[in-house]
Amino acid sequence: MGAQKETLGFQAEVKQLLNLMIHSLYSNKEIFLRELISNASDACDRLRFEALNNAALYADDAELKIRVAVDREARTLSITDNGIGLSRDEAVEHLGTIAKSGTREFFSALTGDQAKDAHLIGQFGVGFYSSYIVADKVTVISRRAGLEANQAIRWESAGEGEFTIEMIERAQRGTEVILHLREGEDEFLSSWKLRQTIRKYSDHITLPIVMKKEEWSEEKKEQLVTDEDETVNQASALWTRPKSEISEEQYNEFYKHVAHDFEDPLTHVHARVEGKQEYIQLLYIPAKAPFDLFERTARHGIKLYVRRVFIMDDAEQLMPLYLRFVRGVVDSSDLPLNVSREILQQSRDIETIRGGCVKKVLGMLEALADSEDSAEKEKYAKFWKEFGRVLKEGVGEDLANKDRIAKLLRFASTHADTPEESVSLADYVGRMKEGQEKIYYVTAETFTAARNSPHLEIFRKKGIEVLLLSDRVDEWVSGHLTEFDGKHLQSVAKGGLDLGKLEDAAEKEEAEKAADEYKELLDKVKATLGDKVKDVRVTHRLTDSPSCIVADEFDIGGNLQRILKAAGQQAPASKPILEINPKHPAVQRLKFEETRFDDWANLLLEQATLAEGGSLDDPAGFVKRINDLMLALSLGSGR
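Letter by letter, the sequence shown follows residues 95 to 733 in the numbering used here.
Fair warning: there could be bad hints in the mix.
Beta-carbon label-pair distances, calculated as ranges [stated by the list, open to error]:
(1) Ser427 / Ser709: 32 to 42 Å
(2) Ser427 / Gln317: 33 to 43 Å
(3) Lys476 / Lys555: 16 to 26 Å
(4) Asp464 / Ala381: 13 to 23 Å
(5) Met261 / Ser341: 48 to 58 Å
(6) Arg366 / Glu647: 47 to 57 Å
(7) Glu357 / Lys287: 26 to 36 Å
(8) Glu647 / Thr446: 18 to 28 Å
Don't read these hints as lab results, they were simulated from the structure. Fair warning: this is a prediction, and the values are worked out from it, not measured in the lab. Where is the CB? At the ideal position from N, CA and C, for every residue including glycine.
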């Protein structure tokens with residue numbers, strides 16, 4: 095043909111976009127292949143749709159597929175499809191203008207039932223331009239379905255502000271995109287690299303993606319390309335199949351693929367959500383925690399697909415951080431994406447999917463936790479051991495689901511007095527003593543410290559169960575979870591102890607009498623300790639220990655202060671309250687002490703601080719006081 099080659103300018107913004115594309119828009123280069131394969135898939139989907147009303151568009155080529163090929167000598171990579179193709183005007187409009195993949199206008203033209211049939215057709219804007227990440231020149235050869243062979247076009251550009259287009263002859267319909275690779279991009283001439291990338295990003299494209307098969311030649315000692323085609327991708331998405339057609343083994347194998355795990359998952363949920371927002375979710379809970387589970391910035395999470403095209407590996411917008419252990423796939427019929435298709439735009443659609451995913455995961459866990467089947471309960475116990483500390487974060491992060499999360503929490507308690515976290519808040523409430531109005535807990539750095547806390551003495555005497563919290567995150571939990579099932583959660587080491595109906599009149603009268611009797615001693619101890627304490631008072635908590643320290647009702651507890659300090663954060667200044675046990679011999683002795691009163695008073699505070707898990711400002715002074723008092727007592731001059 096003697097057709098004239100035209101040179102045309104890009105839309106004004108395209109040159110700027112290409113520069114951005116090459117240098118910063120995409121976080122990894124291989125995404126260009128995903129974009130071009132996705133565009134090829136879109137073109138085939140569009141042909142399939144238009145052919146519903148015009149079967150002649152298929153001509154004698156009804157088997158839709160995508161071909162990837164390399165020419166190592168010419169240093170080119172080509173992606174070819176036999177989809178709808180481009181006319182001359184479409185090539186100028188869609189390849190020279192931002193956000194013109196053709197399908198966006200196509201969607202706006204659809205009405206009625208046609209729109210339902212077209213929901214698989216992609217509508218992404220600038221994927222084609224990602225070619226320039228690896229190519230210094232791109233050639234597009236295309237012929238639209240239904241046009242004559244001499245109506246094909248060749249479009250070419252180095253991405254520097256203008257492109258050329260000419261009419262050519264092409265026997266087959268569809269589009270071939272030829273990338274002339276830049277220096278240094280030879281990895282994309284590797285058949286192995288291309289296959290790996292296709293399986294990573296486009297494995298579940300429903301069309302076959304084919305490449306020429308390679309075989310090892312003993313004679314030439316290298317891989318040789320054959321004439322035989324080989325399908326690289328699976329060409330079918332497991333999650334789109336009915337659950338009845340998928341075996342447990344297939345579910346488990348797919349989990350190992352998406353999670354890169356060697357073990358079977360603990361459980362999974364597979365659901366299709368239909369309505370205003372349509373999507374499929376296949377979510378798994380692993381059996382083992384990954385090594386970086388507690389690294390909140392580590393990449394975890396859900397693989398996002400849009401119409402079976404892989405979009406991103408860690409769709410953090412679809413799963414909150416406290417559920418970062420969940421693995422799986424969400425496949426949406428349509429989602430708004432930014433120009434790079436890597437970061438989801440904020441929208442109600444995304445919030446809807448996120449909410450649906452959270453509910454499904456919590457529902458999965460509830461099914462295990464509430465099951466009457468011992469095997470299922472054992473699964474939940476295993477889950478809690480691996481991921482319980484992470485789930486606890488949700489109490490403060492997800493206020494909408496705080497009550498559901500609270501029901502899933504498990505703690506150690508004085509009921510069994512073992513480190514095993516198996517007590518739910520519902521279990522605790524079910525065992526509450528008649529007249530008990532609060533759920534009591536104690537926090538400490540270790541389980542042993544919590545179990546042996548002097549604050550528990552009165553509770554053990556009365557048989558009142560206390561939750562033993564020793565995880566660092568438990569301070570976060572207790573700060574956000576203030577009640578459960580109408581019962582207030584109360585720290586046994588904060589504020590004044592009021593057991594309400596669990597304390598009889600005789601005990602109250604005895605406590606009031608002791609407070610009056612020891613008022614002079616309390617004042618004297620407070621004067622001795624000075625600004626080391628906020629107050630000194632008679633305790634209601636102790637039965638065996640001589641003293642304990644407690645935090646005022648609205649002050650932060652000692653354990654939280656230590657956690658903040660260890661994290662390098664400034665804790666709000668607060669002083670403890672010293673409570674003394676008037677029935678203890680050491681306190682009774684102190685009442686009549688004169689010569690060593692200051693030592694005994696300081697010793698009561700220091701041993702209470704140590705028993706609570708705290709550290710002393712002057713440990714050497716504490717040791718000296720102990721030694722002096724031991725020596726004095728051994729010489730029979732305790733006073």
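Hints, one by one, checked against the model:
Between Ser427 and Ser709 the C-beta distance comes to about 59 Å, which lies outside the given range of 32 to 42 Å. Taking the beta carbon of each, Ser427 and Gln317 are about 40 Å apart, inside 33 to 43 Å as hinted. Roughly 36 Å separates the CB atoms of Lys476 and Lys555, a value that falls outside the hinted 16 to 26 Å. Roughly 20 Å separates the CB atoms of Asp464 and Ala381, a value that falls within the hinted 13 to 23 Å.
Met261 and Ser341 have their C-beta atoms about 53 Å apart, which keeps the hinted 48 to 58 Å range intact. The beta-carbon spacing between Arg366 and Glu647, approximately 51 Å, falls within the hinted interval of 47 to 57 Å. Checked against the hint of 26 to 36 Å, the pair Glu357 and Lys287 passes, with Cβ atoms roughly 29 Å apart. Here the CB-CB span from Glu647 to Thr446 is close to 41 Å, at odds with the stated 18 to 28 Å.
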